[in-house]
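Please construct the entire structure, taking both the sequences and the accompanying hints into account.
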Amino acid sequence: MAFGYVIYVARNPKDTAVSYYHFCHYTPHLPSYDSWDMFFEEFLANRAPQGSWFETYVLPWWRRRNHPNVLFLKYEDMKKDLPGAVQQIAEFMGKSLSDDVIEKIAEASTFEAMKKNPLSNPDTLLQKGNKESGLGQSSTSSFMRKGVVGDWKNYFTDEQKKRFDKLYDKEMAGSGLEFEF
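According to full-length UniProt numbering, the residues represented by the sequence shown are 1 to 181, in order.
Just so you know, the hints here were simulated from the structure itself, not pulled from any lab data. From a predicted model like this one, the values you see are computed outputs, not experimental measurements. Worth double-checking, as some hints may not be accurate.
Below 30 Å or equal to it, Euclidean Cα-Cα: the simulated DSSO-like pairs (lysine-lysine) are [to be verified]: (1) 116 <-> 162; (2) 161 <-> 74; (3) 116 <-> 95; (4) 115 <-> 80; (5) 115 <-> 153; (6) 74 <-> 162; (7) 162 <-> 104; (8) 74 <-> 116; (9) 162 <-> 80; (10) 146 <-> 162; (11) 170 <-> 74; (12) 79 <-> 170; (13) 115 <-> 104; (14) 80 <-> 95; (15) 115 <-> 170.
Pasting the structure below:
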């Protein structure tokens, strides 16, 4: 395997689906779904623009997690212990950082801090009329929305949860990868 260093951050698929639903509304060149229910059906059938969450994105990187050039992290773990994730990243990059520096990096890397930072959140630039990227055309959405774990519970019906869980169990069987929902 010949590639540079990769830090891959995976997010649980239910929250990913909700986030992607909103991202589609925010991004003009992607389909804008009339409802969550419509998007859910496309996501479940792997017909959403990104393809299969399982086989297009997460599982291929999970299979490479032991490669010395790959660091596989989970968003939910980062939300619980961001300084720990910063420490993992520093070690992966061969850097030794003091606890103080790790804490400062973690503070600057919170969702809330990044949402306010125009270097990590394009909303500020886009509000000033920079539409060249094709992002930010929607006035009802933001590039960085909530960043919370478990927002899927505000969208999935009981029936959708059951259907998704069945697919999840089938696709993830034997992988050893587990997510917090």
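Outcome of the hint check:
Simply put, residue 116 and residue 162 have alpha-carbon atoms about 37 Å apart, too far for the 30 Å limit, and the pair is violated. Proposed proximity of residue 161 and residue 74 is supported: the alpha carbons are some 21 Å apart, at most 30 Å. Distance hint between residue 116 and residue 95 is fulfilled; the C-alpha atoms sit about 27 Å from each other, no more than 30 Å. Proposed proximity of residue 115 and residue 80 is supported: the alpha carbons are some 18 Å apart, at most 30 Å.
Proposed proximity of residue 115 and residue 153 is supported: the alpha carbons are some 23 Å apart, at most 30 Å. For the suggested pair residue 74 and residue 162, the alpha carbons sit about 23 Å apart, so the restraint of at most 30 Å is met. Proximity of residue 162 to residue 104 is assessed by CA-CA distance (about 41 Å); at most 30 Å being required, the pair is judged violated. Among the hinted pairs, residue 74 with residue 116 is consistent with the structure: their alpha-carbon atoms are about 23 Å apart, no more than 30 Å.
In summary, the hint linking residue 162 to residue 80 is supported, as the alpha carbons are separated by about 26 Å, within the 30 Å threshold. Using a Cα cut-off of 30 Å, the hinted pair residue 146 and residue 162 holds, with the two alpha carbons roughly 24 Å apart. For the hint linking residue 170 to residue 74, the alpha-carbon distance of about 20 Å falls within 30 Å, and the restraint holds. With a C-alpha separation of about 27 Å, the suggested pairing of residue 79 with residue 170 holds against the 30 Å cut-off.
Using a Cα cut-off of 30 Å, the hinted pair residue 115 and residue 104 holds, with the two alpha carbons roughly 16 Å apart. For the hint pairing residue 80 with residue 95, the CA-to-CA distance comes to about 22 Å; that is within 30 Å, so the pair holds. Our distance criterion of 30 Å between C-alpha atoms is broken by residue 115 and residue 170, whose separation comes to about 35 Å.
Hint violations for this structure: numbers 1, 7, 15, all remaining hints satisfied.
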